[in-house]
Each structure stands twice: as C-alpha cells, then as structure tokens.
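**Q** If you want the building blocks of each chain, they are given just below.
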Amino acid sequence: MQDFTFHMPAAVADAASLLGSCEDPKLIAGGMTLLPTLKQRLAEPTDLIDLGAIADLKGVKREGDQIVVGAMTCHADVAASELVLSTIPGLAMLAGQIGDPAVRHRGTIGGSSANADPAADYPAGLVGLCATVVTNQREIPADDFFTGLFDTALEPGEIITAMRFPIPKWSHYMKLRHPASGYAVVGVMVVDTGAGVRVAVTGAGPSVFRVAAMEEALSKDFSVKSIEAIKVDADGLNADMHASAAYRAHVITVLAKRAVAARG
Amino acid sequence: MGQFGIGQPVRRKEDVRLLTGKGVYTDDVNIDGQVFGVFVRSPQANAVINAIDIETALAAEGVVAIYTGEDLAADGVGTLETEVEMADLAGNPMFRPKRTLLATGKVRFLGEPVAIVLAETQEQARAAAELVMVDYDQLPSIASTAGAVDPSSPPVWPEHGSNVSVHWENRPASEIDVHMERAKTRVTVDIVNNRLVPNPMEPRAAVAHFDAATGMMTLYAPTQGGRRIQGGLAKGILKIPADKMRVISQDTGGGFGIRGKLYPELGVVCWAARRSGRPVKWRGDRNETFVSDYHGRDQVNHAELGLDENGRVVALKVHTILNVGAYMGENGPRLPISGGGRIIPGVYDIENFYFSVKPVFTNTVPTDTYRGAGRPEANFLMERLMDAAADATGLARDEIRRRNVIRQDQMPYMTQMGLLIDSGDFIGNMDMAMEHSDWKGFEARRKESEKNGRLRGIGLGNFVEAAGGRPTEEMRVRISADGKATVFAGTYSHGQGHETVYAQLIEEYLGVPFDDVSLVQGDTATSPMGSAGTFGSRSSWMGGLGIRRSSDAIVAKGKKIAAKLLQGDEEAVSFENGVFSAGAGSVTIQEVAKAAQEPKNLPEGMEPGLDESFNVKRDAELFNFPNGCHVCEVEIDPDLGIAQIVGYTAVDDCGVVLNPFIVHGQVYGGIAQGIGQALTENTVYDAEGQLMTGSFMDYGMPKAQHFSHIEALFNEVRCKTNDLGVKGAGEAGACGAPSAFVSAVMNALSPYGIKHIDMPLTPDRIWQAIADAKSAKAA
Ligand SMILES: Cc1cc2nc3c(=O)[nH]c(=O)nc-3n(C[C@H](O)[C@H](O)[C@H](O)COP(=O)(O)OP(=O)(O)OC[C@H]3O[C@@H](n4cnc5c(N)ncnc54)[C@H](O)[C@@H]3O)c2cc1C
Numbered sequence: 001m002q003d004f005t006f007h008m009p010a011a012v013a014d015a016a017s018l019l020g021s022c023e024d025p026k027l028i029a030g031g032m033t034l035l036p037t038l039k040q041r042l043a044e045p046t047d048l049i050d051l052g053a054i055a056d057l058k059g060v061k062r063e064g065d066q067i068v069v070g071a072m073t074c075h076a077d078v079a080a081s082e083l084v085l086s087t088i089p090g091l092a093m094l095a096g097q098i099g100d101p102a103v104r105h106r107g108t109i110g111g112s113s114a115n116a117d118p119a120a121d122y123p124a125g126l127v128g129l130c131a132t133v134v135t136n137q138r139e140i141p142a143d144d145f146f147t148g149l150f151d152t153a154l155e156p157g158e159i160i161t162a163m164r165f166p167i168p169k170w171s172h173y174m175k176l177r178h179p180a181s182g183y184a185v186v187g188v189m190v191v192d193t194g195a196g197v198r199v200a201v202t203g204a205g206p207s208v209f210r211v212a213a214m215e216e217a218l219s220k221d222f223s224v225k226s227i228e229a230i231k232v233d234a235d236g237l238n239a240d241m242h243a244s245a246a247y248r249a250h251v252i253t254v255l256a257k258r259a260v261a262a263r264g
Numbered sequence: 001m002g003q004f005g006i007g008q009p010v011r012r013k014e015d016v017r018l019l020t021g022k023g024v025y026t027d028d029v030n031i032d033g034q035v036f037g038v039f040v041r042s043p044q045a046n047a048v049i050n051a052i053d054i055e056t057a058l059a060a061e062g063v064v065a066i067y068t069g070e071d072l073a074a075d076g077v078g079t080l081e082t083e084v085e086m087a088d089l090a091g092n093p094m095f096r097p098k099r100t101l102l103a104t105g106k107v108r109f110l111g112e113p114v115a116i117v118l119a120e121t122q123e124q125a126r127a128a129a130e131l132v133m134v135d136y137d138q139l140p141s142i143a144s145t146a147g148a149v150d151p152s153s154p155p156v157w158p159e160h161g162s163n164v165s166v167h168w169e170n171r172p173a174s175e176i177d178v179h180m181e182r183a184k185t186r187v188t189v190d191i192v193n194n195r196l197v198p199n200p201m202e203p204r205a206a207v208a209h210f211d212a213a214t215g216m217m218t219l220y221a222p223t224q225g226g227r228r229i230q231g232g233l234a235k236g237i238l239k240i241p242a243d244k245m246r247v248i249s250q251d252t253g254g255g256f257g258i259r260g261k262l263y264p265e266l267g268v269v270c271w272a273a274r275r276s277g278r279p280v281k282w283r284g285d286r287n288e289t290f291v292s293d294y295h296g297r298d299q300v301n302h303a304e305l306g307l308d309e310n311g312r313v314v315a316l317k318v319h320t321i322l323n324v325g326a327y328m329g330e331n332g333p334r335l336p337i338s339g340g341g342r343i344i345p346g347v348y349d350i351e352n353f354y355f356s357v358k359p360v361f362t363n364t365v366p367t368d369t370y371r372g373a374g375r376p377e378a379n380f381l382m383e384r385l386m387d388a389a390a391d392a393t394g395l396a397r398d399e400i401r402r403r404n405v406i407r408q409d410q411m412p413y414m415t416q417m418g419l420l421i422d423s424g425d426f427i428g429n430m431d432m433a434m435e436h437s438d439w440k441g442f443e444a445r446r447k448e449s450e451k452n453g454r455l456r457g458i459g460l461g462n463f464v465e466a467a468g469g470r471p472t473e474e475m476r477v478r479i480s481a482d483g484k485a486t487v488f489a490g491t492y493s494h495g496q497g498h499e500t501v502y503a504q505l506i507e508e509y510l511g512v513p514f515d516d517v518s519l520v521q522g523d524t525a526t527s528p529m530g531s532a533g534t535f536g537s538r539s540s541w542m543g544g545l546g547i548r549r550s551s552d553a554i555v556a557k558g559k560k561i562a563a564k565l566l567q568g569d570e571e572a573v574s575f576e577n578g579v580f581s582a583g584a585g586s587v588t589i590q591e592v593a594k595a596a597q598e599p600k601n602l603p604e605g606m607e608p609g610l611d612e613s614f615n616v617k618r619d620a621e622l623f624n625f626p627n628g629c630h631v632c633e634v635e636i637d638p639d640l641g642i643a644q645i646v647g648y649t650a651v652d653d654c655g656v657v658l659n660p661f662i663v664h665g666q667v668y669g670g671i672a673q674g675i676g677q678a679l680t681e682n683t684v685y686d687a688e689g690q691l692m693t694g695s696f697m698d699y700g701m702p703k704a705q706h707f708s709h710i711e712a713l714f715n716e717v718r719c720k721t722n723d724l725g726v727k728g729a730g731e732a733g734a735c736g737a738p739s740a741f742v743s744a745v746m747n748a749l750s751p752y753g754i755k756h757i758d759m760p761l762t763p764d765r766i767w768q769a770i771a772d773a774k775s776a777k778a779a
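Chains L and G are the protein sequences, given in the same order. Taking my numbering, the leading residue of the first sequence gets 1, the next gets one more, and so forth. Taking my numbering, the leading residue of the second sequence gets 1, the next gets one more, and so forth.
Okay, chain L solo, but in the shape it has when bound (with noise of 0.2 Å):
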C-alpha cells in the first residue's frame, strides 16, 4: 500500500471540498472492496477520506412512506433494523446475505451501490425497490443509476448520501451463492410495489437488468404458474469457471419462482 494522507471530514460538505481540492483523492466507507484494492496496489490515492465520522450518513429512519437508509448503514445494520424488517423485509433479507459477518459489519450500502460490483446484492434491492439514490448534488433514480460493469451514474466529486426506498406491498430477495466469494452468482429481487411487479437481478449479467417478461406476467398473475415457463436469453449472460450462461439463466427463473412463492 502506498502512503496516503487520512481525512476524518465531520460533515458531507467538508467531504465534498476535500475530493474537489485534494490531488487524487478517493472515499472510503467500509473499505472491504478499497482495501483490498489499495494492498494490491491497484489503487494508490493520494488522499483517503473516511465517510465513517459523518454521523448524518448513518442510520435507518422512515420519512412518510419512504425508508431512508444511510449511506454509510452497514449490511448487519440494514439486516437487523427493525423498521426495514417490518417494512421491506426483502431488502433485510438481502443484506442479511451479503458476504460474512465482518463483512457486514464494515461494509456499507453506499459502498456496495458506489462500486457496483456485477455481482453484488445491493444492486438488484435497489432497483427491484425502485429505489433512489440520494447524493449531496441530486438525486438519481435505481433504474438509471446503475450504468454497466463496476460503473453508475456518480460524477467525480459525487457523495452518496442515502437511499430512499418507497415501502412496497411485499418483497423478497433470493440468491444463489458463489461457491468461493459467496457473492450472488444469481440473486432475484421480486417486489410488489402496489402499482406493479418488478423483477431485477444481479450476477447473471454486467449489471443488474429487470425481466420484463415476468414483470409483466407477474402484474396480471402474481403466481409460480404464470412464470414458469418464462425462459431468460442466456445470451450475454455472465459466464465463469463455477457458472455458464445457461445455469445462470436457468437459476434466474427457479429463483424468481422460488420468491414468488415465499408469499403466503
């Protein structure tokens, strides 16, 4: 790792002067993905600015009908708010499933959006929950957020801030697990949001990407039935040593039935 100077800014705005005056800054939540990166020296900033004293990025709270969690809420945080498990128990669930327990207890949720790994969980809550993604310049919605491999919409000097997630009628998110990262080779959010369903999935292709098709199906016929048929293209899917395109196009359809089921 090479030498960099630390920052502990106390509030988002001092973060954002920082990233504009600092040489080749970069922001640091959890560091479960940077630090790695830094060791490996496939990253060397200048400057590191810590997210962790910003109390205000912190926390889970309900505003109207709308759930706001902080950028820097860690995955067990999310996993074990009381507020997210009565009201989005899918986005609970998927947290829950992220990684393993030091892992969720340092990584964060703006983290995890911020680098969008193809194969990370969070993608496909916060599409999937229609989610918007609040930033200290604006505010970006899930769906046009997440831009391709390990990229999103965020500008340079861009600070993510929150996510607000419109509670939905129901919700429930299932993954298949990587057999070595533990990361969703397929992970399925289904969600019912009152006005329709949504289907998005992460780890089967570069990003997360919706099924229209069951989307579709699933609005008229909220069943296992009216699904079950409904093959995804295999075609541009991700395809690795522990999973072709095809097994993961197949998993995209058991999971999504398997979700659809889970409601009682």
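These are computed hints drawn from the structure, not numbers from a lab. Fair warning: there could be bad hints in the mix.
Claimed, not checked - With a straight-line cut-off of 25 Å between C-alpha atoms, the simulated PhoX-like cross-links for lysine-lysine are: (1) Lys184/G <-> Lys235/G; (2) Lys755/G <-> Lys440/G; (3) Lys98/G <-> Lys235/G; (4) Lys225/L <-> Lys559/G; (5) Lys559/G <-> Lys594/G; (6) Lys169/L <-> Lys220/L; (7) Lys564/G <-> Lys617/G; (8) Lys231/L <-> Lys559/G; (9) Lys564/G <-> Lys231/L; (10) Lys58/L <-> Lys26/L; (11) Lys225/L <-> Lys98/G; (12) Lys484/G <-> Lys564/G.
Claimed, not checked - Computed, partial: chain L to chain G, Cβ under 7 Å: (13) Pro179; (14) Ala234; (15) Asn238; (16) Ala239; (17) Met241; (18) Tyr247.
No residue lacks a Cβ here, since even glycine has one placed at the ideal position from N, Cα and C.
Guided by the hints, dock chain G with the ligand onto chain L, whose structure is given.
**A** Chain G with the ligand only, in chain L's frame:
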C-alpha cells in the same frame, strides 16, 4: 492411567497460547537491521527471459540490493531436484530436471520467482519489485494434465523432448491382461482427480540471519520439522556444513505436507542475507500461496476392474497421468507410485494388479505431498470402481465390497505390492458405519425428501492408507532436578497437539504430572540429530515410540539410582505411577531426578541426570495401516444442482487412540479437506497457463455451511507392529470423504442414469449433468 493418561480426551495444552495470540509465527520474528525481501515473479507460463533490467528499481527509494538467478549462479549457489528416481521396465530413467532457485534463462510457470528485491521497508521492496523490467519472449505453454501426454504438446523441457518424464509400470500389462480376459464383468472408470491449493492458514515466510563472525546461518520459517530442510539448504544450496545451518520454526500455522518442503525462496532468502550482510525478511502473501506453494493431487486416471461370476475381483488395471508441474517437487513424482499407487487395491484382496504412471510436465506450479499424498487419489479411484462394479453386477454397494475385502483371518496380509497389512477390521468398519448412519432407514428418508422435491442419496467409501513416512525419528526425554520433564522432539507439531499428547505419554510412562511436561521442538539446535519431522501421519508412532523407549531408559537408570538411595537391590526395585519402590522404601521419580544430579548418589561411572534419547529406526518398508469406512448422505436440490450433506458417519481405525479429542479433530479436519476437494475446490489454469483461481474469490474453500454434524467413531484395532498399538490419524479423513460423498451424490442422481461427474461436484456441474441426462432421454 489417570485423568491425563493414554486414551483420555485431554484438552489441548497449546490452545490457550495459540488462540489468544501468543503463538510466535515467523512473521512475529524481527531481527535488528533486517531488510525486507520481495520476489519478482513470472507473469508468464512459459517464456524466454531475454533480459532483466534492474537499473530503475535499484535507484528506487530504500532499495538495498536486487539479485537475479545469474547472481546466484555466479556465487555457486546450488539447485534443487526431486528426491525421486525411477525407471521404466526397460530401465530408462525418469527425466529429472534441476531447478535453479531463481528462474534463469527461462520461466516455466506463472509465479516462478525471477528476482528478489531487498529494501528497507516492505512497501519500498514491493514498489521497487514493480520496477524490475523483465523482457520475456512468450512461448506456447501447456497446462492440461491429459493434454501433456500428447507428443505435440509444447514441451516444458525441450531438452527432454516429451512432457512425459517416464512411463513407469509395476509389471508388463500382459501379465494382467490374461486375468482380465477371464473376467465375467469388466468395468472402467475415467477420473480427473482435481488439482488443489493446500492453503495453510499461515502463508509462507522466512527470516534469515547470517553471522559472518561464526559463519552461522539461521533461518526462521514455517516448516514441518527443520531437520528435513537443514541438510539440503546447507549442503545442496549454500554449500556450508550442516552444523552451520540452523532452522527455527516456533509456531507454524498448518502444514498439510506442503510446508515440509525445501522451497527455492528459502534458499534465496538465506543466500541474500549472507550476500547483502543484512538479515532478510520475506513475508509471503496469500497470492504467493496460490502461485508458488506446491499444489496437491492433479491426476487423470483410467482404470479397469474385472470380476468373476461371484463378484470377486480377478484383475485390476490402472493408468495414471500425474501432473508434476513445471519442475519436480521433492516427492511429487512418487505420489501415485510408492505414495498412493501401491495401495490402490485398498482394503480389497486383489491379487492381479497392474498400474502404470506417467508423470508429466506442464507449465504449472509443481505438485507435491498434500494431506494423504497419493492415498486419497488411490482410495477414491478404487471406491469409484467398486461402485461401478456394484452397478454392473447388480450387487449392493456394500455387498460387492464385503465379497472382496481382506478378512481379519487373512491378516497379516501381504499385498501384491509388498505391503504387510498387520491388522484391521474392514467388515466391522462397514457394519459400524452402516448401522450408525441408519443405512437401513435410508429409503424412508429418501421418500421424505422426494416429497419436498429433493433427491436424496447415500454413499460409502472404504479406505486404507500406509502411514509412517520416513523410517527414522529421534526423541529425547529429560527430567530435571526440579522434577519437571521435557520432551525434545524431532517431530514437529504444527497444529496436531503434540504438546498435549506427548505430555500424556510422559505421565503414563513416567508418572510426571501432565502439567509438569513441556515440549521443545522446532529448532535444529535442540532437536535430536536423528529427527525427521511431522508428516505422513507418523508422529504418534515414530515420536511416541521414541518417547516410550527414552522413558524406558529413564526408568532403567532410575531403578539403579533408586536402588542406591533405598539401599536395596536393583532387581528388587519396581516402578509404578512415578514411584520407585523396594521393600518398604520408596522414592518418587522427582526425588530420583534431583538425586541424579549429584555424582555421589550415583552408582560408579554413571552419568548424572535423567536424560535419555532414542533413535527409532524401522524397516523402510514397514508401515501401519489406518483404515475406515465413511458414510455420507446428501440431499440435492435438482433445480439448482446444489448437493448438501445431511449426514456423515466416519468410522476410523487408527489403532490405539491416545487422545480421542485430538484424533476427532484430525478426522474432522481431514474430512473437511476431503469434502473441499469433492465439493468446492478446484484449481483452474486457462489454455495460456494463467491461473484462473488465484484467490479465495475464485478458489472455493469448504465452509461450515457445507457440512452436517459429523459422527466420528472408532473401530479400534491395535496395530501389531509397534508397542503403542497406534496407527496414523492425520490423513484418514481426506482419504475417506471424497469417495463417500461422490458415491452419495451419484446414488441421488441414479434416477437420471448419471454415472459420473468429476470433482468438484459444484451446482453448475450437477445441474448440467441433470440437464444433459434429461435431454438425452428426450432424444
Ligand atoms: C469477503 C467479502 C465478501 C463479500 N461478499 C459480498 C456479497 O456476498 N454480496 C455483496 O453484495 N457484497 C459482498 N462484499 C462486498 C461488501 O459487502 C461491501 O459492500 C463492498 O466491499 C463495498 O462497501 P464498503 O462500504 O466496504 O466500500 P469501500 O470499499 O470503502 O468503497 C468502495 C468504493 O465505493 C466508493 N464509495 C464508498 N462510499 C461512497 C459514498 N458514500 N459515495 C460515493 N462513493 C463511495 C469508494 O470510494 C470506493 O471506490 C464482500 C466483500 C468481501 C471483502
């Protein structure tokens, strides 16, 4: 005897120290004036080194020196070669290439060290290592085990021409073909025994210090006993007398066979300390574990079993291709032969056995001993054949085995390959495992699973190993004036719990309380000369016997001293529970130890002290035979292809159990690694020789969630060839688990007619096999 004697489930003495961060590992060692070494490693699988430009790197901040293979050669540093020699039936010897410690002229696998950078800090050394410019000319490469036998595969060693180092056979195949031809049923299996990265918890490390005034070279490194590498380092590499080479391993975080080796990096670090005049510290990281620690397994087997009308085996033929990697490890090429091949017939009475082995070179990390070292491969192969035979003959899987196992009344049983199996209750193992796993009740459980859309399967695997490793080991036992006992061991506990077990033995044999016994190990300056170390499931036997004999000598001497103290006759002195008695008088061993320091208390000419050592020497062909039967039960989610273990019963015969708590630990650990191989672990190189599984992100270690409760039971049959009655225990689990698990999965998949899936049985593979079977049926 007592609460701490032989057979008691005594808690591990060493755990408090190890679990509270008080262990001293190599990275905890720092020497004044040390510099940090970082290796520059090859990013290429096969390439000519045109030039190494170190100029920019040398000028970088903090850099002290940079050395390449040419510097080593100019200084007369030695090379490494395998200890194994063998020849084909015509007498043509195996090709045994030498390995220079740093690649010179050519690199032959990704990760091979090319240079070492020394700098004042670890970071400076790492930064400078990136500035070392190596100009490579890439050559075609080969990684595939099966592909390497193809004469047109790119040769790793063009000077040898072929990638096949030798075609070894135990006898002409025609001698067995005549038996095979009279078989009523013939079955074949083709198996890829997947390559594994052993991954001890502690990555490799080394700290070397050269004292120019005395000429003493001291190396701190994780090992499995320093004596194993001391001679090679001194004489073979550094060209110094062995007594000027000291190797110290205080604590070592796991060995599994691969930590016992003389790796090139150890030689480089020692030499660099001498050359630079500064102590050198190298702290290997996990990436280096993946690309430079020796790998395990990696065989391709084709085997055929012939059976008569009664389901009795009449002939067995095995063809093995072993991937040795780019160079030959110390023991690598011997693993499918004297390591495992000899016991392929396993627990079965098989007279006509042919096997052939082709150790092949590829542009990959060398392979060498890893928990079981050839025996898990052998047992897996044999058990897959037995399942295939059951399938072909229509006999139950246990029945075909019962008809073929070596019965107790046949023991001692001399195998075709000259191994004398002294004891073992192979039928009893199966009975016990099947009873405890409720094999009979399986069908009801299967139906229950079926109702929930799950496939359930049960499987069993017999195994036997040949344990003992090298034929010598020396141990020393001392009781000091304060009455406390010290064991100076040549064996080296790197997780096995010797501090505990040896103390139990001392309490048992000498009556010195468990808490008054300490273990000194891991330093060639104090370990007895005849020592070898810990590997090959040998320490309870070789180390235990050494303690036993040393203790006997202490008692014999103690009797003489006691006789003098009690003013009695030596013959009249008896010894029990730490007390010497003669008539009405008695003295404790502690009193004798104290008295033994004073010449006046001793008979004429006797050396003071109670301090005895014993060099255990056994016939090199004498082994013991840990054996057992494991039963595994799985449930498969057919939609996702996930196989989940739902029951596991392990019956092990490791002879007399010195400490069941510790042996259970060995059994669990071995099973975990065996299941790792069968379910999650795989080492994958792409066609260019790039390692695709170079970290835990891609290399699947087994996790707690993959297991169910393991019911570990003993079917204890005393070993007849050593006084302690012990057999090895360290490798058994790794031998039993793969076959039991795979048998269970295949049993679950039998409704689809699936006969074989290569390990690891990942969800993707199981699902694909089901999908293929379905579409074959539809067609
Ligand atoms: C062993 C292991 C297993 C894991 N398993 C899973 C898994 O199963 N599923 C899963 O989804 N994830 C998994 N992860 C990822 C983990 O959950 C973290 O979410 C992830 O590593 C990033 O979060 P972080 O808070 O640690 O971010 P950091 O590593 O600190 O930062 C990551 C990136 O985001 C940027 N960043 C951080 N915060 C902000 C912000 N507020 N605004 C803008 N940019 C920001 C940083 O600059 C950096 O580029 C795993 C990680 C590990 C180490």
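**Q** Hints first: check each against the structure and report whether it holds.
**A** Against the structure, the hints come out as follows:
no.	hint	result
1	Lys184/G <-> Lys235/G	violated, 57 Å
2	Lys755/G <-> Lys440/G	holds, 23 Å
3	Lys98/G <-> Lys235/G	holds, 16 Å
4	Lys225/L <-> Lys559/G	violated, 86 Å
5	Lys559/G <-> Lys594/G	holds, 14 Å
6	Lys169/L <-> Lys220/L	holds, 15 Å
7	Lys564/G <-> Lys617/G	violated, 33 Å
8	Lys231/L <-> Lys559/G	violated, 85 Å
9	Lys564/G <-> Lys231/L	violated, 92 Å
10	Lys58/L <-> Lys26/L	holds, 19 Å
11	Lys225/L <-> Lys98/G	violated, 65 Å
12	Lys484/G <-> Lys564/G	holds, 22 Å
13	Pro179	holds, 4 Å
14	Ala234	violated, 12 Å
15	Asn238	violated, 12 Å
16	Ala239	violated, 10 Å
17	Met241	holds, 5 Å
18	Tyr247	holds, 5 Å
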